[in-house]
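Peer 1: Sequence:
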Amino acid sequence: MAARSLASDDGKLESANFEDSPTSKKPKLEGRSPLTRWELATAFCVFFVFFIGLSCIYLTMPAAEYGKIKLPRTMSDLRLLKDSLAMYANDYPAQFILGYCSTYIFMQTFMIPGTIFMSLLAGALFGVIRGLVLVVLNATAGASSCYFLSKLIGRPLVSWLWPEKLKFFQGEIAKRREKLLNYMLFLRVTPTLPNLFINLASPIVDIPFHVFFLATLVGLLPASFITVKAGLALGELKSVKDLYDFKTLMVLFFIGSVAIFPVLLKRKRTYE
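By the count of the working numbering, the sequence shown reaches residue 272 at its end, each step adding exactly one.
In short, the hints are calculated from the structure, not lab data. We put the CB at the ideal spot given by N, CA and C, even for glycine. Each hint should be verified, as a subset may be incorrect.
Stated by the list, open to error - Restricting the straight-line Cα-Cα distance to at most 20 Å, the calculated cross-link-like pairs of lysine-lysine (PhoX-like) are:
hint: 1; residue 1: Lys167; residue 2: Lys151
hint: 2; residue 1: Lys165; residue 2: Lys175
hint: 3; residue 1: Lys82; residue 2: Lys238
hint: 4; residue 1: Lys151; residue 2: Lys165
hint: 5; residue 1: Lys229; residue 2: Lys82
What the hints assert, rightly or not - Across the chosen pairs, the derived CB separations fall in these ranges:
hint: 6; residue 1: Ser257; residue 2: Arg73; range: 32 to 38 Å
hint: 7; residue 1: Ser84; residue 2: Ser159; range: 39 to 45 Å
hint: 8; residue 1: Pro163; residue 2: Gly127; range: 39 to 45 Å
hint: 9; residue 1: Lys175; residue 2: Ile52; range: 23 to 29 Å
hint: 10; residue 1: Val128; residue 2: Ser257; range: 21 to 27 Å
hint: 11; residue 1: Ile57; residue 2: Lys151; range: 22 to 28 Å
hint: 12; residue 1: Asp206; residue 2: Lys229; range: 31 to 37 Å
hint: 13; residue 1: Met87; residue 2: Leu137; range: 21 to 27 Å
hint: 14; residue 1: Leu234; residue 2: Arg37; range: 41 to 47 Å
hint: 15; residue 1: Pro93; residue 2: Phe51; range: 23 to 29 Å
hint: 16; residue 1: Gln95; residue 2: Val133; range: 15 to 21 Å
Start from the sequences and build out the full structure, keeping to the hints where you can.
Peer 2: In structure tokens form, the structure reads like this:
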């Protein structure tokens with residue numbers, strides 16, 4: 001873990017997701033995919049490997065005796081499933097954790113909406129501390145998988161979907177190479193850029209993985225804490241938009257500003 005996906009990756013909201021749709025200025029490719037056949041084959045193979053692994057995990061899990069368990073897509077689904085999932089997690093803790101983590105990472109890797117509900121579930125089922133650890137680790141692992149997937153095939157896709165945003169991001173990264181971690185922390189904490197875009201564009205603009213990983217691991221903490229804590233009171237939530245009011249967003253911007261302050265201070269001294 002609204003105006004932006006804070007999760008899961010989550011910590012930043014994923015469904016409210018701030019993961020905006022492709023810009024209206026996409027180049028027209030006459031209906032053709034921006035990916036070559038080799039890139040499409042690579043994407044399919046990676047997805048197939050992940051899917052087979054996830055299927056094997058699900059097939060080895062004990063059957064639920066509390067009714068049909070499925071991925072929640074709305075707050076109503078989440079409230080209906082909470083009790084059944086709590087019973088399942090209590091009866092089969094190790095299997096549930098494995099299934100939860102593999103599902104979260106799968107969704108985050110392939111940019112499947114809904115990890116915000118997974119983050120809320122973590123709070124509802126495990127409490128704030130354990131839920132926060134679970135969400136941040138899974139969101140970081142999923143974002144890292146997405147980073148490497150984009151490193152393989154992401155450049156033509158991101159250039160097609162967000163040409164202007166990619167150009168802007170590349171320019172901002174070039175100006176902040178010396179304090180790149182601070183800037184990445186700022187982006188992760190605040191809803192300045194969508195998490196989806198950050199995950200896909202980071203390897204394209206040559207952000208080192210260790211910087212990406214650390215900024216994700218630390219930067220997702222504030223928003224993930226808010227989401228996980230909200231999971232303790234699912235009955236009071238009508239939609240994911242209720243999670244982040246104006247005051248909450250201002251707090252996130254304040255935390256992000258603390259991270260980027262050294263960059264601004266150094267720039268001021270340079271001009272002087």
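Peer 1: Tell me the numbers of any earlier hints that the structure contravenes, in ascending order.
Peer 2: Going through the list in order, the structure violates hint 9 alone and respects the others.
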